[in-house]
Amino acid sequence: MSSADPRVAALLDREEIKEVIYRWCRGVDRLDWDLVRSCYHDGAVEDHGVFNGSAEEFIAFGREFIVRWPHTMHAVMNVLVDFEADDAAVAESYGVGFHRGPDDSGAEADVVVGFRYVDRFERRGGAWKIAHRRMVFEWTRQDPVGESWPMGDEYLMGRRDRADALYEAGGR
Amino acid sequence: MSEMLLDRAQITDAIHRYGDLLDRCTYEGTEVLAGLHDVMTPDATVDYGIGTVHQGAQTWIDVFAEMAPRLGRVHHNYTNFLYDIDGDRAGVTYHALARHTWENGDVYAAGAVFEVGLRRVADGWRIASIVLHVRYSDDPAERLPRMLPGLTDSFIEHERAAT
Chain A
1 MSSADPRVAA LLDREEIKEV IYRWCRGVDR LDWDLVRSCY HDGAVEDHGV
51 FNGSAEEFIA FGREFIVRWP HTMHAVMNVL VDFEADDAAV AESYGVGFHR
101 GPDDSGAEAD VVVGFRYVDR FERRGGAWKI AHRRMVFEWT RQDPVGESWP
151 MGDEYLMGRR DRADALYEAG GR
Chain B
1 MSEMLLDRAQ ITDAIHRYGD LLDRCTYEGT EVLAGLHDVM TPDATVDYGI
51 GTVHQGAQTW IDVFAEMAPR LGRVHHNYTN FLYDIDGDRA GVTYHALARH
101 TWENGDVYAA GAVFEVGLRR VADGWRIASI VLHVRYSDDP AERLPRMLPG
151 LTDSFIEHER AAT
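Protein chains in written order, with the working numbering: chain A, 1 to 172; chain B, 1 to 163.
The set of hints was computed from the structure by calculation and includes no laboratory data. Keep in mind that a hint or two might mislead.
[Claimed, not checked] Here are some chain B residues the structure puts well away from chain A; computed CB gaps all over 12 Å:
#1 55
#2 83
#3 102
#4 126
[Stated by the list, open to error] Between beta-carbon pairs, the in silico distance windows are:
#5 33(A) / 65(B): 42 to 48 Å
#6 170(A) / 65(B): 50 to 56 Å
#7 119(B) / 150(A): 49 to 55 Å
#8 93(B) / 82(A): 34 to 40 Å
Note that the Cβ used here is the ideal one computed from N, Cα and C, for glycine as well.
Go ahead and model the full structure; you've got the sequences and the hints to work with.
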């Protein structure tokens, strides 16, 4: 989709870029690594603190690393996009990542991370994707998990596979 | 329809840039606050519920620059935007999660709602007024009195008065 109005065209570009950022989070939280891979251009670089290398290597690392937490949720809020050229932009995304799982003692804990994704986006072949991501950490916190709402079988719980409600509903 | 979407996008951008500059000044230095002139009107008013309604963008820059060294590293996340756009004026409310951290591990966290008024100027939307309503404040290390030693009113009292 495009528009003759350059302001609308820029708006559509921003939306496409934001959608890639959101899809990356969906992919990580659902362990949908094909989806994560689709957010990067070939040859993309990921600097993620605990990992620095190619996007493909990051996926191999991430799929082993993140399963230590049975539940994760990456929530992205403030997204700012600065266009450097028609086909290049810098996107900064504020967010909070929630990771619930056993700590070193085996007790349930919430690891919460405040972060910014600083991404170089490029449009190649008509598609905006990440060419270089730097994960900027702002703060972290680990809390013991207290009492939780007693949720029985009647509650639909999130899953990290294709049986999740998202995919049943036709989401991609 | 596209004009409305453009207005929303430009307004959101101005607000995100406002938050980004305030946060970055706690990492990079208060010089970055000069960028607020690009997102606020010169006569903008700011009421953070800390006893004074600040008049003018430059006044707010000076006030924030003075506070910044006491604020730790600040991280604001903005979400739940609601827009009321009427011609060249707009009112926006949005929710914010703010977190301040210090090297010794102290943390101050707050959830808040911003009420922001904006005006359209020649090259886009500018923030003309800001009112902050703090919904909760989590301050286990009692940092707030040190961050805001001139605090004359608690955030919660301000919130009660505003509602």
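Outside-interface status for residue 126(B) - nearest CB in chain A farther than 12 Å: The assertion about residue 126(B) holds, with a minimum of 17 Å to chain A.
Distance restraint hint 42 to 48 Å, applied to the beta-carbon atoms of residue 33(A) and residue 65(B): holds, 45 Å
Status of residue 55(B), Cβ more than 12 Å from any chain A Cβ: Its Cβ never comes within 12 Å of chain A, the nearest being 27 Å, so this holds.
Consistency of the no-contact label for residue 83(B), given chain A and a CB cut of 12 Å: Non-interface label on residue 83(B) holds, nearest chain A Cβ at 15 Å vs cutoff 12 Å.
CB-CB spacing for residue 65(B) and residue 170(A) relative to the 50 to 56 Å hint: At roughly 51 Å between Cβ atoms, residue 65(B) and residue 170(A) fall inside 50 to 56 Å, so the hint holds.
Range agreement (Cβ of residue 150(A) with Cβ of residue 119(B), hint 49 to 55 Å): Between residue 119(B) and residue 150(A), where Cβ atoms are some 50 Å apart, the hint holds.
Supplied distance hint 34 to 40 Å, evaluated on CB atoms of residue 93(B) and residue 82(A): violated, 26 Å
12 Å Cβ clearance of residue 102(B) from chain A: At roughly 10 Å from the nearest Cβ of chain A, residue 102(B) sits no farther out than 12 Å, so the non-interface label is violated.
Taken one by one, the earlier hints fail for this structure at numbers 3 and 8, listed in ascending order.
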